[in-house]
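Chemist: Sequence:
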Amino acid sequence: MLLPVRSAHQLLLVQFLSSLGSLAAVLCCILSLPAARKDTRQIYWAGIGLGVPALAFATFVFFGDGSYWPLYLILTLGFSGGACAAARRFRHEKHRLMLILLLGALSCIPVALAVSHGDRLGALSLIFVQLVFICILMFWWDYPRRSAGLYLTLLGFALWIFSSPASTHFLHWTIFYASIAPGERLVGIGMIMILVQDSLKRAHQAASDLETLLEQSPHMLWLIDPQTLEFHRVNQVAADAHGYSLEEFRKLHWTDIIAREPAPQKLGDSQETPRPTHASLHMRKDGTVFPVDIEARDILIDGKQRRLILGINVTERELLLERFAYNASHDSITGLHSREGFMGREDQLFQQSQRKGKGVAMACLTLRQFKAVNDTYGDHIGDQCLQAIAKRIKDSLRGCDMAARTAGDHFKVLFCDVSDSAEAEVLVQGLLTLLVAPIIIEELSIRIRISIGFAIGPEDGNEMAKLRSRAQTAMWEARKLGVSHALRFHSDHYQGEADDLRIVAAIEEMLEAGTFEVHYQPVCRPTGEIMGLEALLRMPHPTLGSISPAIFIPVAEESGLIIPLGQWVLERVCSQINQWKQQGLPLVPVAVNISGLQFRQSDFSSRIVNTLDSFNIPSRLVHLELTETTVLRNISDALDEMQKLSANGIHFSIDDFGTGYSSLGRLQEMPISMLKLDRSFVRGITPASSMVVAAIISLAHALGMKVIAEGVEEESELQVLRQLDCDMIQGFIFSKPLPPRMLEPLLYHGRCDVPTRMPIWPAEVFRTVRPILSSDRPD
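Mapping of the sequence shown onto this note's numbering: residues 882 to 1660, in sequence order.
Because the hints were derived from the structure by calculation, they are not lab data.
Hints are supplied without guarantee of correctness; some may be wrong.
[As the list claims (entries may be wrong)] Below are the EDC-like pairs computed for lysine to aspartate or glutamate, each with C-alpha atoms no more than 20 Å apart in a straight line:
1. K1239 with E1344
2. K1185 with E1197
3. K1237 with D1282
Using the sequences plus the hints, can you model the full thing?
Modeler: Take a look at the structure:
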């Protein structure tokens, strides 16, 4: 409706309000564009760069004091702000940016001219037209899809111009905008159509993407109702994985394909964000099950809530995880539990037995000399021995028991539901009986000594850690017996542990003070001539008394003190040889025992050579004695070390030959000059029982080795060994180990068939009497 102008004040107010409304409406159209919705910072730039200057210009037009310079300033600021907003919006589209800046600059010229001619309302109308044209360009560029809604919106902008303050100013019409605003309404209708068309397009695209996802995905996909768990859509991959056709699979329910576990638990609660994956067991058509990792997300499709589920068959992964878990808790050679697997279950089994009103028996066992078997016959035979031992242990277990291999030759067995100590002892003795039987492997018969220690819970302890400790203590006590034996823990065993600690402290104390003693036992020909000596360590402690080597040597080996102790013995022997040399006594080779721990030191050979050089001792005067086990523990390394020392003139002998698992054929490869027969071969020997000893002596001579018989005490034993052509004899029949001062008369005479309780003369006496007595000494 066209309204007549009644007064200038009314016209001014109507035009100001209509101008503000039009400017605000155009700015809202610009700010509603998709580009602005995607980047909220563009809204701020457009609002500040375009809106604020336009509103300020309108205010000064209607309520200014008539000055022109504020309008020029606002026009300049408006162009600058619009340029900044356009630069941000079209920063990646240079051609469009240049076009809109050019149009903006050109459109500012008529506005400035209108201001300069005093036509302020005309200038304001031109600003409105300028903003509408900008809006038309922006809509054309931001909506590339030429739809009816877009064309209707552009038509509305065109009509808006003719129904705007610009037409009022130039056509001299006064328009009441609440009644007639066809342009604005067409713009609103067109924008609604654009939004609806965009929404429909996005919906169709989403549906198409979902179909493509279902068809092309290599993984199982379901679209289900989160309330009823019915299938709405499924893909062929899911149907094939479960053994159904697609038509059959669509008719199923989620609970039809889940094995054992309920579906709600596997799907979890409804959430908008994806949940962590977790494996569930799915059931195939044939009844078999397989693990599936599922991930679910709630989405809105066709206005309804749906749950999209992604599934991945993880059968191979689960099998691999099971294998990793098994390997982590089981020993790879024997198949028994590992130390970690055993300790992870022992408390649970103990508690189960206690709930039944019963106890447990913890058995710790170790294989004696297993290392020698492994080194002698090879790792493959050693592994087969371990497997045979493990099988026997498994055969002794009941359904509730558990066993583990906790170290190289150490095992643990937990007998559960044990009624009393008598039943525990029967179970352990039965285990020992199975284990001591010979092991037959590739025509080899191997017999291994077994030491078992066991503790009974809760009698010996209410915690598994305490039972393990006490069973292990009993095992070491059983090991000291030297034979296959099973021993229950007793409180006295703690005394043994305390004694070991005292012995360690005593060894350290005596090493520091140098108060150990070395005694020497002659090694003689069968006729009594002294051919050498063996150095034997003695430990006379001032408070503990004289401690047997059988006690302190194993403690020194276990504590590692055998290394400095062995070095001390070697240095003491070298010092003693020099003393005898100064006294003018005849010098014979002295054999020094070398422990396995010493022999395995990386600087062993250089340390031996350096010690002899430091005392200026000829290498022929020191022999090194090694046990079979020490030599055969690592043959290649042992051979290298022995050849280095042999090149320096040092001789080797094998101590306690016959107690290990070596053969003369293997020892032939090494620079060994003597074999020392173990006393077990010599004790009670008769001509009828001498076949083994005769064979060893004969083979040793054929290989260029001499044989020493140890532990000879009886005249009958000496006679048999002499008939067997044994090279040398060592034992009480000639002499027990003697301190140096008591040995010196024997050394002087060179024989052992003279009284040993003769006066101990000082060195000066020996130098004086030696020329007189030389005629009595045999050549």
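Chemist: Now, for every hint given, state plainly whether the structure supports it.
Modeler: How the hints compare with the structure:
The hinted pair formed by K1239 and E1344 meets the criterion: a straight-line CA distance of about 14 Å does not exceed 20 Å. The straight-line distance between the Cα atoms of K1185 and E1197 is roughly 37 Å, outside the 20 Å bound, and the hint therefore fails. Note on K1237 and D1282: the hinted pairing holds, with a Cα-Cα distance of about 15 Å set against a maximum of 20 Å.
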